[in-house]
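Could you put together the complete structure from these sequences and hints?
Protein chains in written order, with this note's numbering: chain A, 21 to 291; chain B, 25 to 247; chain C, -10 to 208.
Don't read these hints as lab results, they were simulated from the structure.
There's no promise every hint is true.
[Stated by the list, open to error] Derived coverage of chain A by chain C (criterion: at least 3 residues anywhere in the stretch with Cβ under 8 Å from a Cβ of chain C; other residues may be distant):
1. 101 to 115
2. 127 to 133
3. 193 to 207
A virtual CB, placed ideally from N, CA and C, is assigned to each residue, including glycine.
Spelled out, the chains give:
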Amino acid sequence: MKRGYLAPVAAVAVFFILAAGQDARADKLDDIINDGLVRCAVVLDFPPIGYRDENNEPVGFDVEYCKDLAAALEVDYEILPVTWAERLPSIVTNRADVVFGGTSDSLERAKTVGFTIPYAIYYAQAVVGIDSGVVTFEDLKGKRVAAAVGTIPEQEYLKYAAEWGVEDLYQGYQSENEVFLAVAQGKADVGITTNTAVKPIVAQYDTVIAGPRMPWTTDYTSVVAPRKDFGWINYLNLFITHQVRSGRYQELWGRFVGGEAPELRIPGVMY
Amino acid sequence: MSETDSIEFFTSFRVEDLWFLLEAAGRTLLISVLGISGGTVLGIAFGWLLSIGRWYGAATLGWVLDVFRSVPLIIQLVLFFNFFPIVGFPLDPFGAGTLVLVMYTSALVAQVARGGIEAVSISTRRAARSLGMSYWQDLRYVVWPIGIRAVLPSWTGVALGVLKDTALVSVLGYMELLRASQILITRTQEPFLVLAVVGAFYFALSFPIARFSERLERRWSHD
Amino acid sequence: MDYTFHWRPVIRKLPDLLEAALVTLEVAVLSMVIGILIGLALALIRMSGKRSTVWFAVGWIEIARNTPALLQLFFFGFGLGAFGFHLSPYMIVLCGLSFNNAGYLAENFRGGFNAIPDTQYRAARSLGMSAIQAYARIIIPQVFRIVYYPMTNQMVWAVLMSSLGMLVGFRELTGETQFLASKTFRIFEYFLFTAAIYYGLVKIILGASRLIAWRLFRY
Chain A
21 MKRGYLAPVA AVAVFFILAA GQDARADKLD DIINDGLVRC AVVLDFPPIG YRDENNEPVG
81 FDVEYCKDLA AALEVDYEIL PVTWAERLPS IVTNRADVVF GGTSDSLERA KTVGFTIPYA
141 IYYAQAVVGI DSGVVTFEDL KGKRVAAAVG TIPEQEYLKY AAEWGVEDLY QGYQSENEVF
201 LAVAQGKADV GITTNTAVKP IVAQYDTVIA GPRMPWTTDY TSVVAPRKDF GWINYLNLFI
261 THQVRSGRYQ ELWGRFVGGE APELRIPGVM Y
Chain B
25 MSETDSIEFF TSFRVEDLWF LLEAAGRTLL ISVLGISGGT VLGIAFGWLL SIGRWYGAAT
85 LGWVLDVFRS VPLIIQLVLF FNFFPIVGFP LDPFGAGTLV LVMYTSALVA QVARGGIEAV
145 SISTRRAARS LGMSYWQDLR YVVWPIGIRA VLPSWTGVAL GVLKDTALVS VLGYMELLRA
205 SQILITRTQE PFLVLAVVGA FYFALSFPIA RFSERLERRW SHD
Chain C
-10 MDYTFHWRPV IRKLPDLLEA ALVTLEVAVL SMVIGILIGL ALALIRMSGK RSTVWFAVGW
50 IEIARNTPAL LQLFFFGFGL GAFGFHLSPY MIVLCGLSFN NAGYLAENFR GGFNAIPDTQ
110 YRAARSLGMS AIQAYARIII PQVFRIVYYP MTNQMVWAVL MSSLGMLVGF RELTGETQFL
170 ASKTFRIFEY FLFTAAIYYG LVKIILGASR LIAWRLFRY
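What follows is the structure, given as structure tokens:
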């Protein structure tokens, strides 16, 4: 082989070796930047945080967060619509890189997926049928109560239901919208949802009114990412703080939910 | 979109939504055709293997196919959809759904095909062979035409079953007819209307095939 | 492979799963009993040839056979709910499965009746039997024998179909599995066990069916 060829060939070889080596060490963040695409799973039956407009296109607070994240990464975004029960499997099955879906950061779920710092804070509230006579939480006893399968409100409520011995009156639905529909139709007396959803739901149905706040603790919701991708989770944590610092968090909250955005701080603990 | 009050979360059923459903029906048809044709080809091969009747065939292939017939399709879909990524081979809902449908269909068709092959009496096949036909000629010109008449109704039953079972791929998030109907119910909050329209779509896909098969069956039985 | 299986939590929940399997079996058996009764009625109505009632039987049979079972379940859930009829998840599944079973079984029964020549009925009558006796003693036992295996198949289908209960909020075997799995979202581990339980259920049904057949059809 002539000397002239050797250098480029060697260079190409070295390049491939380096590229291969790099590939083995590339983490989620590297992959997203190199693919030029971030895939966000978003729950779309969670108005006003995630829903569909009249053209069946995804919109809402979470959808905007995905767009902002893509802009920060300088990549394209893809919205993967998921139900409540599908959102964490979408990470495990690697169909999504990140979930914006009002996911409560339970210790049980953390055995399977990774959580960021809280990015939005809710509390659980009921919507009730206009004739149900439900005013306080204790009134739920003996009523047909509905919630979405695989959600924290479901698990929390069932603890009370077990205490009261009324578990058989509980109805679990695949989506929160089915819960609302059930209350509106009168299949259920009470639907447990999130405070942010109460206003649009009550406005939608004549037969549904706002119900009591649920007694369990505030719902700290986090962005979800693969459990072992720490670099990616770090990036997402930083993204969340930047959304707050830039005022974007307040802006989006004001646009979709209205009013003052809740402070993302947990009293008495360092996050 | 600047004021909270002007945002509408629910909007009523529109004519455009029929197109939305029609597109989804197209996807139902696509995944059905792939599942049924793939499953039929595989299933005939499996059925032939089983009909040869070697014990190890029945013990392995027969057992695997039996499992596919004894576990609800919805569980198969969820299992495989979650299994592929674990072994580093993530598939989208369409890919995973098609693959599971093909395997599921093949398990059902294998039983039908085996029945068809066994419907041809041994003496007929011996006669064919003694006329100088090769094994493959016997399969092609004797077993196939007789067997297919014997099992066409069962095969149609399987195919129509699979067509309707594609509704279950919706649990993986594939936007077929049923999933589309759920989205529309969510948005329009008019479950009865949407379910009726979607039911009519399925009926329009399934009923003509069922009728055609019945007529074919009747014509063949008069030959 | 970047996934570590967590089997221990599933094994701890095994009793819950087996209990849910009994619920599955219960709803499947009940839906078969109802489906057989209605299916028999539909087959007789359809064969009676009376214009005024035939359309009802044909409509039921064709809708049950030409639309997905899941859609039928949704209909009994939110579809009826739109008119103010509210069924519990258990009743939704029971009604949906019974509706479906009846449609399929009606066609099996019709095939069974058609396979019995008319002459048998006439022979029975000429021996002095009443119409009801002729049906009960001569026709139905033979039809039963013809539809026995299709009925066994339908029973297996009923068990498999009841898994759709998960999607209407019914905690049968699949619904319970989803409920348990949704705490940690270890979907694969839980559903693998459930698949094995279904396999066992189907084997038990087929075994029982063979035993009954051996007992009934010995001669």
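Going down the list of hints, with the structure as the test:
1. Chain C is given as covering the region 101 to 115 of chain A, and this holds because 4 residues of the stretch bring a CB closer than 8 Å to a CB of that chain, at least three being needed.
2. Coverage of the region 127 to 133 of chain A by chain C holds [criterion: at least 3 residues with CB-CB distance below 8 Å; count 5].
3. By the rule of at least three residues with a Cβ nearer than 8 Å to a Cβ of chain C, the coverage given for the region 193 to 207 of chain A holds, with 8 such residues.
Comparing the model with each numbered hint stated earlier shows that all of them hold.
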